[in-house]
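Student: So the sequence lines, in the order shown, correspond to chains A and B.
For the first sequence, position 152 (counting from the first letter as 1) is numbered 152 according to my numbering, and the numbering increases by one without interruption.
For the second sequence, position 225 (counting from the first letter as 1) is numbered 225 according to my numbering, and the numbering increases by one without interruption.
Only pairs whose alpha carbons sit at most 30 Å apart, straight line, appear in this in silico BS3-like list of lysine-lysine:
| hint | chain 1 | residue 1 | chain 2 | residue 2 |
| --- | --- | --- | --- | --- |
| 1 | B | K97 | A | K69 |
| 2 | A | K37 | A | K52 |
| 3 | B | K89 | A | K71 |
| 4 | A | K65 | B | K58 |
| 5 | A | K17 | A | K52 |
| 6 | A | K71 | B | K58 |
| 7 | B | K97 | A | K37 |
| 8 | B | K112 | A | K37 |
| 9 | B | K112 | A | K143 |
| 10 | A | K106 | B | K246 |
| 11 | A | K136 | B | K58 |
| 12 | B | K22 | B | K4 |
| 13 | A | K65 | B | K4 |
Hint data in this document are derived by calculation from the structure and do not stem from the laboratory.
Note that the structure is a prediction, hence the values are computed from the model and not measured.
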Amino acid sequence: MIELTTPITEEQIRSLKAGDLVSLNGIVVTARDAGHKFMVEERPEFLNDLLKGGIIYHCGPVVRKDGDKWKFVAAGPTTSIREEPYQAKVIEMYGVRGVIGKGGMKEQTLEGCRKFGAVYLHAIGGCGTQIAESVKEVLAVHKLEEFGTPEAFWVCRVENFQVVVTMDSHGNSLHETVEAASQKRFEELLAD
Amino acid sequence: MNEKLRDHFLELIRRSSTDLPKDVEAALARGRDAEAEGSSSRGVIANILENVKMAREKSTPICQDTGSLLFEVNLPRGTDDRPYEEAIKGAAEAATKAYYLRPNAVDPVTGKNSGNNVGLNTPVIHFHPWDEKYVFVRIMQKGGGSENVSAQFRLPEGTLHAGRDLKGVRKTVLKAVFDAQGKGCAPGIIAVGIGGDRMTGYQLAKSQLFRKLGTRSDNAELASLETQLLDDLNSMGIGPMGLGGKTTVLDVFVAAQHRHPATYYVSVAYMCWACRRRSMTIKDNEVTYD
Numbered sequence: 001m002i003e004l005t006t007p008i009t010e011e012q013i014r015s016l017k018a019g020d021l022v023s024l025n026g027i028v029v030t031a032r033d034a035g036h037k038f039m040v041e042e043r044p045e046f047l048n049d050l051l052k053g054g055i056i057y058h059c060g061p062v063v064r065k066d067g068d069k070w071k072f073v074a075a076g077p078t079t080s081i082r083e084e085p086y087q088a089k090v091i092e093m094y095g096v097r098g099v100i101g102k103g104g105m106k107e108q109t110l111e112g113c114r115k116f117g118a119v120y121l122h123a124i125g126g127c128g129t130q131i132a133e134s135v136k137e138v139l140a141v142h143k144l145e146e147f148g149t150p151e152a153f154w155v156c157r158v159e160n161f162q163v164v165v166t167m168d169s170h171g172n173s174l175h176e177t178v179e180a181a182s183q184k185r186f187e188e189l190l191a192d
Numbered sequence: 001m002n003e004k005l006r007d008h009f010l011e012l013i014r015r016s017s018t019d020l021p022k023d024v025e026a027a028l029a030r031g032r033d034a035e036a037e038g039s040s041s042r043g044v045i046a047n048i049l050e051n052v053k054m055a056r057e058k059s060t061p062i063c064q065d066t067g068s069l070l071f072e073v074n075l076p077r078g079t080d081d082r083p084y085e086e087a088i089k090g091a092a093e094a095a096t097k098a099y100y101l102r103p104n105a106v107d108p109v110t111g112k113n114s115g116n117n118v119g120l121n122t123p124v125i126h127f128h129p130w131d132e133k134y135v136f137v138r139i140m141q142k143g144g145g146s147e148n149v150s151a152q153f154r155l156p157e158g159t160l161h162a163g164r165d166l167k168g169v170r171k172t173v174l175k176a177v178f179d180a181q182g183k184g185c186a187p188g189i190i191a192v193g194i195g196g197d198r199m200t201g202y203q204l205a206k207s208q209l210f211r212k213l214g215t216r217s218d219n220a221e222l223a224s225l226e227t228q229l230l231d232d233l234n235s236m237g238i239g240p241m242g243l244g245g246k247t248t249v250l251d252v253f254v255a256a257q258h259r260h261p262a263t264y265y266v267s268v269a270y271m272c273w274a275c276r277r278r279s280m281t282i283k284d285n286e287v288t289y290d
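If we strip away everything but chain B, and leave its shape as in the complex, we get (with noise of 0.2 Å):
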């Protein structure tokens, strides 16, 4: 194994699970501020940045829920793929040893834990050849909790009397974050794939939360949906960690993607407030981190 290129993994693994991005971070303080002075909502979300605090000085996790490892890695054409995936994994296994993650990979025949975070499709890696001349790493770990509160539905849905168009897409939207309640650990950041077929669905609504919150969808109708979502949901008054409160979402993305004739997916994939994204560039045998 190549140590050095395990190494910089590592770095980025540590970074990504014990320091929240600027952006959420922000995005939290704003939701603290929009909370009534003394009011519990207010003080849940003062404890969170607290935390957020704490485990970016202690270099400890932000959450114990380290999550599921997703890898996006951009590599120039040509560059043989095999090291950087056998980098990923011991980079894994290095950061379960430190303390970094928690060991989050069961096999569900045995129920056996592999301790390592290494097991089958686990780390998911998925590689990008491109035209640049360096390397370039997304890491995304997202808590079981945020996953068993996505949601996917086929239009038209009849309970919702949501159709095959824009206005469907919504209410099938408000209708995954009623149901999560506080369970994804609110205030989430929801993002939404319309259209692909079941597997594409959530792929696109999960590339989503690698956007920076306060970004707009380049698609007029798109971006007038996400500002439209995010007041409609804040409206619901769910709240922090779902006990009541302003702040039940810090932002919606929503991408969409050509489907069949036959299907019309939504695919909402829910983020907890411990969005854990990082990114690093290899370029030139230099090392940067976002």
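One chain only, chain A, in its complex shape (with noise of 0.2 Å):
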């Protein structure tokens, strides 16, 4: 298991390999569709420090308030493909070192991944409440009015948050050998 904590340097992501077990530290962001969307067409600044060698988590929580703090009660990854159009860019944008989802990405993140410096890291969809023990403390929350719970930014400290290497900054995505492969079993049923 490699231990990672935020900020995290490009050398250290250059290191890992697809394949890689991850135990990360430090603040994740979770975003998702809105939260994409926004980030590429209205550029926010307040996100700058937070993602600078920082990490999104493609996560839309249950959250529990408990007097003026919030608690994660459930979290685990959602889909991640619906933010093709926008990872790459919010990758470049912000300089963003690591993406935490579930099924993984395509060309145009890979591509992201390897120019500058970043891999995307799979957690267990639908595993909430265990991963939301991981979730030590939420240090604030952007457009939960707007957006609503589960598309809200949430800036959480994370500890021992563990996650798959599945795309590597040199080009590896475990997702697309897999694919490769069950397309060549597919074929075979088709033509039973």
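Take each chain as given, in its own frame, and dock them per the hints.
Tutor: Written as structure tokens, this is what we have:
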């Protein structure tokens, strides 16, 4: 298991290979559909420091409010492919080093990772309660009123958030490998 | 509002959202055991099972995407359904406040989240008058990721060489699961509706997701297609979360209904491993949950 703490350097990212297990510590910012559209179209400045060398998490959590403190109740990843049109641009604009999600992404993001030094990190879909345990603290939330709970930018501190590198910064994608192998079998089954 | 009735529905939602049905959990455990010792696919399912256990113990959502809510409500003939609709909406709101549900109802015109899981045609409620003297309610929570990879095909389908027969149906299901890869949160449960129109096709498919895993269709030809597809799909190597492995689907259900002569739809509803469904019976003021 490789330990990574934000902010993350390009050198650290370049040393990661598809298949590596990573334990993440530090600041993670959730962003999904409304967030990615907003980041590209409006280029908000409040995210600059949070995302420089930082991590975006494709997640729409269930969040409880205890007094004036927020607490994550369930926080697994959402399907990443919906952000494919935006992701490479967001990585470039903000200097993002890692994107956590599920299901993998495609060529544009893989190329963005290669060009700007970033990785795609896979978390286990559906494991909402378990992943919420590694979110130790919610530091801030942005756009909550406008976007609603699932779509807001939740800034949180994580400890030992376990993920797998499935797309590295050298053009390797585990998703491409699995898809190619399953395509071969799919074609055999069709011909059956 | 009948607050007692609302609280029965609230408890139904709590159980559904936080406590995975035993048959699904058992199928996941079999999937884990089928994966090679020390493999990452085995590790993925082991994690899933750990999460299932934690959610049950803590009474928190298994998955943060608590899905779209579907209620199938059987009422004794002549029963007024309005108090039930009111109680369901009240329960959805209360369950959101109790964090059993994430607010998941968004107005597509304004982009505004209603904040309480109540909105236009949300939750979806179907009432069925029946001859029994008691009330029987089923709930299903279906996540957006799995809904996005569900697919409807119109036969004949040229690129797959899929004609208007069960062989053609099989090809479309292979295609739907291949296209889904890990995006619907594999290992999934695949429900297929053959025939009907575009609306009832999906309705029939989704209704199959209430079936217990391992049960086969009463129709021998469909039962045989279910078994064949289960083997076919698990030979594709997509695996848990699409990261490779032997367990791509936990089960396959197929049902058929009459179609218009000009149409032949195959509707494939993909359910994620977090197959949240529960039932409740209200009989002589006594409430029981499955």
